[in-house]
Structures are given as structure tokens and as C-alpha cells.
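All chains, full assembly: derive it from the sequences and hints.
Chains as they are written, first to last, in our numbering: chain P, 542 to 775; chain Y, 19 to 601.
Don't read these hints as lab results, they were simulated from the structure.
Some clues are possibly wrong.
[As the list claims (entries may be wrong)] Distance condition first, Cα-Cα at most 30 Å in a straight line; then the derived DSSO-like pairs of lysine-lysine: (1) Y:Lys439 - Y:Lys545; (2) Y:Lys439 - Y:Lys593; (3) P:Lys554 - Y:Lys387; (4) Y:Lys177 - P:Lys655; (5) Y:Lys593 - Y:Lys387; (6) Y:Lys439 - Y:Lys387; (7) Y:Lys593 - P:Lys554; (8) P:Lys651 - Y:Lys177.
[What the hints assert, rightly or not] To give an idea of the chain P side of the interface with chain Y (calculated C-beta under 8 Å), a few residues: (9) Ala558; (10) Gln575; (11) Gly610; (12) Gln652; (13) Ala733.
For each residue, glycine too, the CB sits at the ideal point set by N, CA and C.
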Amino acid sequence: MSGDDRDNSTPPKHGLAGRPPEERPHPEGRRTSQGIRIDPEAEAEPRVRQAVVSALVENEPGVLSRVSGLFSRRQFNIESLTVGPTTVEGNARITLVVEETEPGIEQVKKQLAKLKPVMSVGELDDDAVRAELVLMKVHGDEPDKVHAITQMYDGQTLDAGPRTITVQITGNQSKIDDAIDAFRQFGIIEIARTGQTALARGATPTTPGEEPAPEGTIADEPQKPRTPAQHSDD
Amino acid sequence: MSEHAPPTQESEASTGKSTPTQVTDGSTAIVRALENAGVEHAFGVQGGAIMPVYDALWDSEITHITMAHEQGASHAADAYGVVSGTPGVCLATSGPGATNLVTGIADASMDSDAMIALTGQVPSHMVGSDAFQETDTTGVTAPITKHNYFASDSDTVGKTVGEAFALSETGRPGPTLVDLPKDVSFGETDRDPGEPTPPPGSTPTPAADSAAVDAAVAAIERAERPLCLFGGGVIKAEACEAARTFIHEYDIPAVTTMPGIGTVPEDDELCLSWAGMHGTGYANMAITHTDCLIAVGTRFDDRLTGGIETFAPEAEVIHIDIDPAEISKNIHADYPLIGDAATVLEQVHDAIETPPATREWVEQCSAWKDDYPMDYQTPEDEPLRPEFVVEAFDEATGDDTIVTTGVGQHQMWASQYWTYKEPRTWVSSHGLGTMGYGLPAAIGARFAADDSQDVICFDGDGSFLMTMQELSVAVRENLDITVAILNNEYIGMVRQWQDAFFEGRHMASEYNWMPEFDKMAEAFGAKGWRVDDYDEVADAIEGALEYDGPSVIDFHIDPRANVYPMVPSGGANGKFALTEEQL
Ligand SMILES: Cc1ncc(C[n+]2csc(CCOP(=O)(O)OP(=O)(O)O)c2C)c(N)n1
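Encoded structure:
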């Protein structure tokens, strides 16, 4: 057991025999913090980008906390999360905007797909249809100017009183950002933003394999034709 | 052990003889679901909210083992699953019963062990009112279960339990939990839950994409220093035969992770034992110098990889795993192969046309075994070496002996100095590192093992103190297990780190005083020995193995003994330290 017939390897009293670390050969290669082997020719650390991820889920109790819990415990950077029903009874769509590196975005999608109530996960292309809604309460001192700017952004006035005016603007993220900037002159008292929600453009399903509810199983909701946003910035 | 027939035999007998539970209400449906799943043993502790389920067990063929503490029940169920290959079952009442299970559920989750926990809950109409013994069990356990369920209907609760059972062993295994409000258990129903069926979409495709296989195979064919890395997933997938065939056919050396211990016999020429923080020098040399790492069923835990930047720095990585979320999570996979370990290993095996020439590399790996031997000294006038105790047990027992451990230095010695030859014989807490796992795990393992297999728990004095009350269960059930405490009167692993990294300031790591464990064992009704010297070791081991019941040997070992090799956290595997000075 402890017997030892090699000359160079009598173990020390506390420890083991063998060449010390600095005398061992060690390869030159390295990996990035993402575990990718570094190609010295083309070294590039992955950059953070924004991704819109859509998850089709079974709308069972706790599904939202499972999704949000996943993001917090895995330290994924999430910008916004929206949730709502789909055409299929019992299903919901969760739209997530995440800021991650390329491997991080892949990991977000894979971890989401592992949750049992999550049926399908897709990342939306850049050309996807995205929209967000913001409510803004501003001081009511200059109602005409507020009205003009609201019109400019295709918005609506939802509440107007002597002291405050509340408007609603919808559009993509940059339009909303612009609108908020424009309203700052009136003094914004409160803001509520929904976060982005999105669908794939054209006939492409938003999440892979996704299908509408079979004909006649949902209440006939008149589908309003979509008017393209006039202040589209992309 | 005579009254506990091994599960395989019992199930043969039970399919013919036993009368399945008649479904009359939620609880009988729950028990029937377990019976339909082939469950023969369940570990737990009674209590108000789970009483209806226990009452239904009264008439069932399922053997229930009452544990001293719910943590013990969860570890016992976990180990039962590891040894038997079918999910272990644990039960607890609501509130503190459920929260006591949490450590064992988290442990099973980290090690991807199949297990199902059934917890009582306050009646549905009281949920949310902070009722007596109410805890949001599904909320607490959501992050540490594969999935959990809140049962809401007596008619479907049996089916839900069956689904939870099936899900826990489908694809990548993991613990599941069903929370059972008392009214749901009590509510009338006559619906047979049927066979356990996993939820739709949860069963992965076993075979990997064939184009991906071809690309991986090309990488293997052009490799000069290929190395297999077998993780616990290989054992869970019953892929050890495929793994052994693969390395021998193509003469490719293999290392394992700690959970992968037993995949390949450790005395095999091609096996370099396990790699990582306290892995062998030769395994860590091989993983550092390989140019093609064929990793199977592993999640590249940080205790395996050391610093990511220096992990297998020259290697193209082929990663075979059933869980796509493990691919490129920690280590980028150049060739991801998603599928069942056995199926994909066979695909790769069959697709290789020009095997790589590996003789030189195999010889290099063997030379590293000589360069970095695990030898130690045993001067007679010095305190007992723990390594010696582990080897003495290994020699005194058969190859199929099951070893369980606590967490700390003793765990490392038990994994380093025992030569594992078979899967499902090494049962430990890897990912979570749970002190106190060893004894309840030995109890669970005992129920799953064949009578002919010995079950040995190597425990630390500190770890043993955490769950030693389970000795009462081992005595009551007359379980033939041996606990070998490697007693250094220290929180040893912490003391070793303090010596290496905290200037020897032994803050809260010196016990200074320990109970006399041999006498304590006797007080429980077990057999106890105390061993201080080398010449007492063999006799005590023989006595304990011969005794048909639980025994405890308190080995007073060298309190200064340390675990080497050691890769410091975040360090390079190839730079493992062999002595404290090298850290
Ligand atoms: C439940 C739990 N608490 C704390 C720790 C941190 N810890 C890791 S090893 C260790 C010491 C273990 O002491 P002992 O069981 O006597 O084993 P030894 O290292 O002396 O062999 C401690 C406290 C842990 N792993 N688990």
C-alpha cells in the first residue's frame, strides 16, 4: 500500500510525491470566460446584444414565477417581460427582452425550453413586429402643446384635468423612448411602460411549431388590420 | 438484512402476488400511482397534512421506512435511486416536514438524481392564510426540482403523482415534488391513475444528429491525444458497457468526474480515475494535455474544470449530453451531440473508420500514473492514516460493495483510495456537498442493494454529527451497514483550507471535543468500536463486517492529514499541488 520502490518518489509526510507544478509541462492554449478556446488569430470576446425571445407556455398557476425565478437565479439580464393569452385556450405568450452575449442568449432559450410549462421558444428576427405601450402623466399647464405632441406620436389622451394630463403612446422601443423625451418639457409625473411584446413578421410562426386554435374554438374577435407605425425608426 | 429482499426479486414476486390498492379517494389514488410505478420502498416522517396518505399506505404492499428526520428521508430516497436506478420516494408533512426535505431535494437536483417527494399541505381553502404548518412548498422547491406540482383535484392527483414519478426519470433525471393539500387527499374518487406517464414533450430523442456525429468522428480520427471524460450521466443512462467497449476498441484513455466514478473499472489500464480539484495527478495531466476531449454526461462543474481559461486548453471538445442546456453552458462544445449516452456512444463507435493512433498517448498517460503516485507513508509510531483505513476496507470487501460518504476530507480519501470497479457503488453528495449525507444514504442504499453487497459509509466526525440520529432507524430495521468514521476532531476540510489560505487561523474548525462514537453507537443499539492504532484496524473491520446489523467504527486518524492532490479553486488542473507548500 504505502510501499514504494521508485527512487524519486518517496512521498513527503503530508502530501504526495511528484514533480512540483512549475516543473511540469503546461500547454500554451487558453479559453475565454465562456469556455471557448481562444484562436489567437481571431480573438473576439462576445458582445452583449438585445434579443427578443417569445415563449409559448401553458398558462398554469406559477408559470410566471417559474420564468422570472429562472432569470434571477441564473443571473440573466432581462429588460422586460410581458405576458398574455393567445388564441389557444389555456396557453399564454411570454415575450422577453434580454441583454446577453451570444452564448448567454442561447442559454436563456435552452433554459426556458426546459421548464415544463414552456411549450415552445423562439427568438425573433430583427424585422419582427414589436410594440410597447407607455402611459405618461404630465403636468396639465399646457394642454394644447401636450395634445400636439400626443398627435405627433399617434397617441391618445386618456385623461385630462386641470392639473394633469395622461396620454398613451404605442410603438417600438425607440419611438417610445423618443416620445418620453419629447414629453419631458411638460414635466412627467408618472410613467408606466408595458415592455415590448412582439410577433414574427409574415407567415413565420413566432415560436417554432406554433399553431392557432382550431377554427371555431375561440370567440370571434374581429381582427383589426394593423396600421404601420408612422414614427418607425428602424 | 434478511427481511429486505432486493427490489428486483421483490418486484418479480409482487407482480404476481400483491393486491394493488383499491382507489376510493385521493390518498389511495396516490398510493396506487406509486404501486403502478413499481415503488417498493418509501422513506418519510408522519405528520398532520400527510396523514391521509400514510393511512392509505397501511394497506399497501409498499414498505415505508420511518426516518428520524425528513432530511434523512430525502437522502435515503436519493441514494435508493442512485443504487437501484429507479426513483426513490420520500414523504413529509407540510411546513417543517417539507422544509426539512429541502436539503435532500437540492442535493438530488445538483446530482441529477431521480427522486419524488410527496408533501402534505394544508387544506386548499386555507392555502395563503398562514395556516398552522403552512409553507409555500412549491414556491420553495421550484428552483431545486425538475418540476413540481400543486395537486388541486382528487380525481387527477393519482395521475399527477404518476406523471411526477415518470418525469423524474425521463431524459436527464432530477427530483420532482407533488404538494398534496389535505382535502385533495381526502376527497373521494374512484379513478385509477393508470401507468405513470411523463408529460408530453418531455421525452428526448435518443440518437444524435448524424451529420453532427460525422463531424465529431472526424475530430476523433484526426486526434493524437484523445481522452474520454465520463460523467454521472453515463451511469444514469446505463451506458457503462458502451463506454467500456468504446475506449477499449479504440484504445482511448478515460477519466471520470466524481459522480462518474465506477463507469470504467479504476484498475483498468485505460482508466486514470477521476479528474478535478482532488482528482489524481494523472487524470489532471491527461485532461490538461488532451487534444480531443470526448465528454459524456457531464455538466463541467467548476470542481472538475478548475479555471475555465486553463481547462483542457488544447482540446477540441465533443460533448455528448441528453440535456441541450448543458451544451456550451460552462465549456464551449466544438461538437455538440445531443442524445442518450449509450445510443450516441454507439453511433460514434460505429462511425469511426480510421481509428486515431493512440499508443504513444496511452503510454504517456500510464507514465503519469508512475510520476504522480497516490502513495503515502504509514510510520508505525505516528497516528493512523485515513488512506490506510479506506484501503483496508476495500481489501476486506467485494467489488460490488457500496460506499457512501459525508462531505469533507474523508469523502475525498474514500473516493481516492478505494478502487471502484462498478457503477452505482459510489454514492456521494457531489454538486451540493451536503455534510450528513452519508448515513441516511447508507440506509437508502441498503434497501436498494442486494443482500450480498456490503454497504460502508465513510463519514467525517462533523458530518456524522449532522444526521447520526438515523442510526436509530438502522438499528430498528436491523440494517447491515458499517459506518467508518474517520475522526480527526476537526472540520477537517475547512482546517486544511485555513492552513493553506488563512494563515492557519482555525476559526470554528476545531471541535476539541467529540462524543465517544463507539459508546454512542452502543447506546443506540448498534455495535461500536474505537480504533487508534494500525494493528487494531483489521480486527475491527472484520468484526463490523461480520456483525449482522449496523456497526460504527470510530477511527481516530492523524488530525493533520490533508487531501492531495489539490487544484486550488479557479486554478489550472495541470498545476495541482502535491503538498501545502505548492499551493
Ligand atoms: C451542511 C454543510 N455545512 C457546511 C459545509 C461546509 N464544509 C465542507 S467540508 C466541512 C468539514 C467537514 O468535516 P467532517 O465531516 O468532520 O469531515 P473531514 O473534512 O474532517 O473529513 C464543512 C464544514 C458543508 N459542506 N455542508
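Q) Which earlier hints can't be squared with this structure? A) 13
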